[in-house]
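**Q** Sequence:
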Amino acid sequence: NGKKKTSLYIDKKSVAKEALENTVKTFIGTEEYNAYQKKTQKKITTTGSYIDDIYIQNNMTMNEINIPVTEKIYTDAKELSQYLLFGKDNDTKTYTVQVGDTIEKVAFNNQISENEFLISNPEFTSKNSLLFPGQKVVIGMTNPQIQVVYVVNQTSDVVNNFATEERYDSTKLVGEDELIQQGENGLDRVSQELTYVNGDVISSEIKTREELKPAIKQIIVKGDKVIPSVGYGAWYWPVPSHYVISPMGYRLDPFNGTRTLHTGADIAESCGKPIWAANNGVVTEAAYKPEWGNGNYVAINHNNGYHTLYAHMSKYIVRVGQVVAKGQLIGYVGKTGRAQGCHLHFEAWKGGAPRHGRVYNALLLY
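The opening residue of the sequence shown carries number 1 in this note's numbering; numbering runs sequentially from there.
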């Protein structure tokens, strides 16, 4: 994980074992960890999940030595657990909840992830737990000293949003829209293997996808007098899958451990699946940029105040200056650049091009 070799002095092996187990339980959950250890996890019959593997990625060794009295010696498992979670400089502060605060809002405003909030405040069991004004919560920035890796097999029913077909009638003016077929969402049963490191998904591999209910497309007849390079109307979802594994927000970079703002939404999808333009626009970038971490990527100016960016493509099939239509194929899902699994990294920018405008939560376009 790029960290330097560290020596810790502990008076008993039992203290080290308990501290490591406590740290693992923090990321996985006590019940889930115990079920895995006792081999009592429930098998998946329809939907659900089970842990397939748990391991610590770091290379650790234990040796019996004489410890100088000047060294820090850990004698308490709880204290050692705190070090393993937060590092030497356990920089925490207290925040007073304000009217309208949610865990998501408090975490984002304090530049921590929702998972870090839950680790620092174990009395909250879910990111959807309610906060009340005047409540005191702990803001702690984790700096894990070990890499807890666990692999989860998960089967879930995922809504397959219906597609919208837009037909154009040259006799109609723009804005004279007519709905001739109502769309209905479909339902897919998706089985995938998720790999977590310290509570964050770093890779997702879809194993099977079963269509339980087909989606019925919506058909709208629209006026034909629109400049194709200007985005308008509803935005088009960029890949077949709607499973967001990592939304926009602050998190520890899975590659170097630094705290950064994840500027886009990571959408799980199999390599080779199509990527579509989210709206009409002009391609402003189509390149391979390993130094940015994007790998093969495309950026589009929608000429309506928004730009979108599509990263980690296996390949792109458009060129700079090309006018693209909403829903047009622009490339294929891959894992080029800084990606540990097949997915689409999808960004939106407002008021300027990527890295020059204001980053915008792409999920709010829909």
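Some clues are possibly wrong.
What the hints assert, rightly or not - Calculated pairs, DSSO-like style, for lysine-lysine (alpha carbon to alpha carbon, straight line, at most 30 Å):
no., residue 1, residue 2
1, Lys315, Lys127
2, Lys172, Lys217
3, Lys25, Lys207
4, Lys13, Lys72
5, Lys93, Lys25
6, Lys127, Lys350
No wet-lab data here; the hints were simulated from the structure.
**Q** Take the hints in turn and mark each one as holding or not.
**A** Each hint, compared with the structure:
A distance of roughly 36 Å separates the Cα atoms of Lys315 and Lys127; the hinted pair therefore is violated under the 30 Å criterion. Only pairs whose Cα atoms come within 30 Å are accepted, and Lys172 paired with Lys217 is accepted, the gap being roughly 22 Å. Between the alpha carbons of Lys25 and Lys207 the distance comes to roughly 27 Å, so the proposed pair stays at or under 30 Å and holds. At most 30 Å may separate the alpha-carbon atoms for a hinted pair to count; Lys13 and Lys72 meet this at roughly 16 Å.
Distance hint between Lys93 and Lys25 is fulfilled; the C-alpha atoms sit about 23 Å from each other, no more than 30 Å. Of the supplied pair hints, the one linking Lys127 and Lys350 holds, its CA atoms being roughly 28 Å apart against a limit of 30 Å.
Hint 1 alone, counting from the list given before, is not met by this structure.
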